[in-house]
Amino acid sequence: MLHKTGLSIGCMMLSAGAFAGVSDITTANNQVGIQIISTHVNYTESGNGQYGSSTGKLDTESGRIPGYSLSVSTMQDLSEGGGYFQAEFDHSNGDTNYVGGLTGSTSTPYGSVTGISSAVLVDYSGRFGKGFAVGDKFMLTPYAELGRHEWDRGVNAGETYTNNYYGAGALAQYSPVGSLVISANVMLGNTYKSYIAVNGAFSGELGNSTIAKVGLGADYALAKNLHVNIGAEYTNFSYGISSVYPVGGGYVAWEPASRTSYTTVKAGLGYAF
-14 MLHKTGLSIG
-4 CMMLSAGAFA
6 GVSDITTANN
16 QVGIQIISTH
26 VNYTESGNGQ
36 YGSSTGKLDT
46 ESGRIPGYSL
56 SVSTMQDLSE
66 GGGYFQAEFD
76 HSNGDTNYVG
86 GLTGSTSTPY
96 GSVTGISSAV
106 LVDYSGRFGK
116 GFAVGDKFML
126 TPYAELGRHE
136 WDRGVNAGET
146 YTNNYYGAGA
156 LAQYSPVGSL
166 VISANVMLGN
176 TYKSYIAVNG
186 AFSGELGNST
196 IAKVGLGADY
206 ALAKNLHVNI
216 GAEYTNFSYG
226 ISSVYPVGGG
236 YVAWEPASRT
246 SYTTVKAGLG
256 YAF
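For reference, each letter of the sequence shown is one residue, going -14 to 258 in the numbering used here.
Hint data in this document are derived by calculation from the structure and do not stem from the laboratory.
All C-beta atoms, glycine included, are put in the ideal place defined by N, C-alpha and C.
Watch out, some of these pointers could steer you wrong.
Said to hold, decoys possible - SDA-like cross-link-like pairs, simulated, lysine to any residue; straight-line CA separation at most 20 Å:
| id | residue 1 | residue 2 |
| --- | --- | --- |
| 1 | Lys42 | Val140 |
| 2 | Lys178 | Tyr109 |
| 3 | Lys115 | Gln61 |
| 4 | Lys122 | Gly66 |
| 5 | Lys115 | Gly67 |
| 6 | Lys115 | Ser58 |
| 7 | Lys115 | Gly192 |
| 8 | Lys42 | Thr99 |
| 9 | Lys178 | Gly192 |
| 10 | Lys42 | Val98 |
| 11 | Lys42 | Asn141 |
| 12 | Lys178 | Thr220 |
| 13 | Lys178 | Tyr151 |
| 14 | Lys42 | Gly225 |
| 15 | Lys209 | Val57 |
| 16 | Lys122 | Pro161 |
| 17 | Lys42 | Asn27 |
| 18 | Lys122 | Gly68 |
| 19 | Lys42 | Leu87 |
| 20 | Lys42 | Asn221 |
| 21 | Lys178 | Lys115 |
| 22 | Lys209 | Asn15 |
| 23 | Lys209 | Tyr256 |
| 24 | Lys115 | Ala129 |
| 25 | Lys122 | Ala197 |
| 26 | Lys122 | Ala169 |
| 27 | Lys115 | Tyr128 |
| 28 | Lys42 | Val57 |
| 29 | Lys178 | Pro161 |
Said to hold, decoys possible - Pair by pair, the computed Cβ-Cβ distance ranges are:
| id | residue 1 | residue 2 | range |
| --- | --- | --- | --- |
| 30 | Val229 | Pro51 | 49 to 57 Å |
| 31 | Ser64 | Ala142 | 51 to 59 Å |
| 32 | Val17 | Leu173 | 25 to 33 Å |
| 33 | Asn82 | Val57 | 29 to 37 Å |
| 34 | Ser164 | Ile19 | 52 to 60 Å |
| 35 | Ala186 | Gly68 | 44 to 52 Å |
| 36 | Lys42 | Asp62 | 47 to 55 Å |
When you get a sec, could you build the whole thing from the sequences and use the hints?
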């Protein structure tokens, strides 16, 4: 009788430990949070030589921009379907290092002009998915994501780039010990409604592209409701060349093709509910 009782208690403890791993992940997915963020901008604009303009690299911008992030996520208990939702808002404001040349001048090519450019980045995103337990301590959550990106660029008299995007991805989460959840994320999609507005000159559509995101993160529960978290995410996409627009005095203007990547690191606090 004692042997059977001990075996029964042991099985109950094992089941509780296995449940704790998935439970910690679900808890981490039910919280509101605020984070400080730092985004490294890597932007390259390239010309195609039309109307006698320069070819190859035209200008670049790079640098780290500080900001903040607000987020909320929810996940149902797996027995209720494991439905998952996350919404996030990021805002960054700072300066980048500009390297370029004078437009229409072959005597001042790329690298002949340098300076500091102001930059404001604003991002909105929402994810909708479903979580699946994989073993005792893993969870995999496929999801669909929708979002919008804005960049107020300080060059010239000011330029504003905007685009929406959609994509599909997967969030993999692992709880190696109690209260700790490690996450890895990947998403692939497309931009749409890419647009530029150049102050005092023209505005118009830009070409769309594939967009890719890869991220890593960790969340630790200091107490039942108080969490700390860190993370990093890399995003890459392009803007295609715009149409040509008359700007007066017999001159025309257009926005060249470009490629943009952002590497964002985050650290903050969350309230689990």
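What are the numbers of the hints that this structure violates, sorted from low to high? 7, 21, 25, 28, 29, 30, 34
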